[in-house]
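Asker: Note that the protein sequences, when read in sequence, are chains A and B. Numbers 1 to 179, taken from my numbering, label the letters of the first sequence in order. Numbers 1 to 249, taken from my numbering, label the letters of the second sequence in order.
There's no promise every hint is true.
Below, computed lysine to any residue pairings styled on SDA-like, alpha-carbon distance capped at 25 angstroms [what the hints assert, rightly or not]:
#1 Lys66/B <-> Arg123/A
#2 Lys153/B <-> Glu83/A
#3 Lys147/B <-> Ala60/A
#4 Lys226/B <-> Phe247/B
#5 Lys66/B <-> Leu43/B
#6 Lys147/B <-> Gln171/B
#7 Lys66/B <-> Ser137/A
Far from chain B by the CB rule (all over 12 angstroms, computed), these chain A residues [claimed, not checked]:
#8 Gln14
#9 Cys49
#10 Phe55
#11 Gly58
#12 Glu77
Simulated from the structure, these hints should not be mistaken for lab results. Heads up, the beta-carbon is just placed ideally off N, CA and C, and yes, glycines get one too.
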Amino acid sequence: MNDLDPEDWLRFEQLVLPHVDNAFNLARWLLRSRADAEDVAQEALLRACRFFRGFHGGDARAWLLQIVRNTCYSWLEKNRPRELMVEFDEELHPQPVATPESIAIADEGRERLSRALETLPPRFREVLVLRELEGCSYKEIAAITSIPIGTVMSSLSRARRQLYSALANSSHKEAVREV
Amino acid sequence: MRCDFADSLLQGYFDGELSAPSAAEFERHLQHCVHCAVELVDLDLLSGRLQLAQLYEAAPASLRKKIRAGLRPVALTTAMPQPLLWHWLAAAAALLLLAIAGWRVSPALRTDDYQVELAEEIVDAHVHSLQPGHLTGISSNDEQAVKGWFKGKLTFALLVRDFANDGFALQGGRLDVVEGRSVAVLVYARPGHLINVFTWPTRERDTSPRVGSRQGYQWIDWRKGKIEFCAVSDAPTPDLQQLQRLFME
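The following block holds chain A by itself, in its conformation from the complex (with noise of 0.2 angstroms):
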């Protein structure tokens, strides 16, 4: 089954080795850790490298990137399945907190968006690293997560809303802690 000769192999080498960057990346977001990001992207590319036959052209770091999420999920309901019941919560990160006064106030540091970006579940976390970080398209997040494209636009305005409100609450944790 995972007959790869030395020109399929060439083709994947060309491919899609050049993405590894961009799985890890996508895969230490949705798994909120380096380690087992690493663990997880490693074991995404073998199987590409297994289903690199069924790949027909086209975009390969959507195919990867799909491919790397879909293992990432199988991983979480594994390992850590409450994570993926987590819906965020609203009523704990009211909404009327975030203005753009208070965000301004917040520590631009990265630490502390890395730590509000972690808070938004996973559904949401995904089109915003896709988007922010990978600069994907619609069609591409679409193609990635599987969900059409309306759907594509309208996580994305929740996830960064909720955004917002996360960095508000970590800023405002950080105002109580201070007094």
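Following the hints, complete the assembly by docking chain B onto the known chain A.
Answerer: Just chain B, lined up with the frame of chain A:
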């Protein structure tokens, strides 16, 4: 406060994903909706922060290594579904040699490690190619035909020449995998011996030929004009040196 009516249009507009008519429609809306105008700016601020924070995390070198190490067997194992016992014995012998070489080479001279590892892989690939049906992807003594077969398969220019008059008859060529990368192989025959010449692009400087021997196979390795060559065979070393000189003529 936000404008529910235009919310997802706003995202699409910000991301440049709306069709021209939808974008025009949204712009008309924007002229009298303060919420959307403010939110557009917020989206831009957020996006800017995400970019500035450099959240993108590139793959660590260890992952690349693991992928290459993990994938190569997948790519090759099915080509040899039932490894022969002697193949394993040869691998064990190579490991032993490697251990001895590692022990003998002083740490200051470890630059030779690359050569040792490479030679081991190349000898493995050579042994593998001798199994039935694995020697050539194209079997021909016609330089043009062999060159044509490689066309589109390589990222570098490969010179294909037949040296039958000098006792090295071109048998054909194939693609192979060495150290996780694809390499071109030209196959030559000498009475009683087959010679594989592995070639691949390199960034290293030219080097004069270095020779070695492993598991009863001889190899000669050199770099010229950003191409690395490694010929391997059970033929004696002087034969390989002669072939090397022919290659460089």
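Asker: Taking the hints in turn, state whether each one holds.
Answerer: Hints versus structure:
1. Lys66/B <-> Arg123/A: Answer violated: Lys66/B to Arg123/A is near 28 angstroms, above 25 angstroms.
2. Lys153/B <-> Glu83/A: 45 angstroms, violated
3. Lys147/B <-> Ala60/A: 29 angstroms, violated
4. Lys226/B <-> Phe247/B: 15 angstroms, holds
5. Lys66/B <-> Leu43/B: Given pair Lys66/B, Leu43/B is violated - Cα atoms ~39 angstroms apart, limit 25 angstroms.
6. Lys147/B <-> Gln171/B: OK: Lys147/B and Gln171/B at ~12 angstroms, within 25 angstroms.
7. Lys66/B <-> Ser137/A: 30 angstroms, violated
8. Gln14: 8 angstroms, violated
9. Cys49: 5 angstroms, violated
10. Phe55: 15 angstroms, holds
11. Gly58: At about 19 angstroms from chain B, Gly58/A clears the 12 angstroms cut-off, so the statement holds.
12. Glu77: Glu77/A clear of chain B: closest Cβ-Cβ about 22 angstroms, beyond 12 angstroms.
Going down the numbered hints, you'll see the structure goes against 1, 2, 3, 5, 7, 8, 9, while the others check out.
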